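Asks: Sequence:
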Amino acid sequence: MTRDDVVRAVAESALSVEERLVFLDLCEARSADDLLADRKRVRSYLGVIEKGMEDGNVPDGALAGPIAATLITLLGHADKWAYIERRLLAGAVEYFVRSDDADADFASAHGLQDDGRVVAAVADALGRKDLVDQLRPLLRS
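If you're matching positions, the sequence shown starts at 1 in my numbering and goes up one per residue.
The reader is advised that the hints may include incorrect statements.
Said to hold, decoys possible - The calculated label-pair distances, taken between Cβ atoms and stated as ranges, are:
{"id": "1", "residue 1": "80", "residue 2": "57", "range": "30 to 40 Å"}
{"id": "2", "residue 1": "47", "residue 2": "4", "range": "31 to 41 Å"}
{"id": "3", "residue 1": "12", "residue 2": "56", "range": "34 to 44 Å"}
{"id": "4", "residue 1": "47", "residue 2": "140", "range": "29 to 39 Å"}
{"id": "5", "residue 1": "47", "residue 2": "110", "range": "15 to 25 Å"}
Everything labelled a hint here was simulated from the structure, so no lab data went into it. In this text the structure is predicted, and so the values were computed from the model without any measurement. By construction, the Cβ of each residue, glycine as well, lies at the ideal position given by its N, Cα and C atoms.
Using the sequences plus the hints, can you model the full thing?
Replies: Shown next as structure tokens:
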């Protein structure tokens, strides 16, 4: 996958302009080992969301589990991704673990929808249509 392929995949995704800009800014270089370690960060943020759900602060918090599961699956194969694909995956991780992305996770009734769209776009760009097919039905159009 070339840089142009990645840019095209993101540009052709269902992401809004704001989501694309925030996401692309988060796509940093990471080693496969760093991405494998990111599974812990994803699980940790899932715990934060689950706590927020208990407190009634995350109306669409049920979406966090499928998003996290998709990321953890992709991260589990970090050693097979090329440099540009790892950058894309790093951006998806950072987007998920940030509460103040394009649509703040705790401040909006649909705060995790953008996270889901970003993760679905990355899974699609990485050729994991099976993961996209599991996640996309949970997302609002």
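Asks: All hints, please: hold or fail.
Replies: Hints and how they fare:
1. 80 with 57: 30 to 40 Å: holds, 37 Å
2. 47 with 4: 31 to 41 Å: Since residue 47 and residue 4 have Cβ atoms about 37 Å apart, the given range 31 to 41 Å holds.
3. 12 with 56: 34 to 44 Å: holds, 37 Å
4. 47 with 140: 29 to 39 Å: violated, 24 Å
5. 47 with 110: 15 to 25 Å: Holds: the Cβ-Cβ distance is about 21 Å, inside 15 to 25 Å.
Of the numbered hints given earlier, the model fails hint 4 alone.
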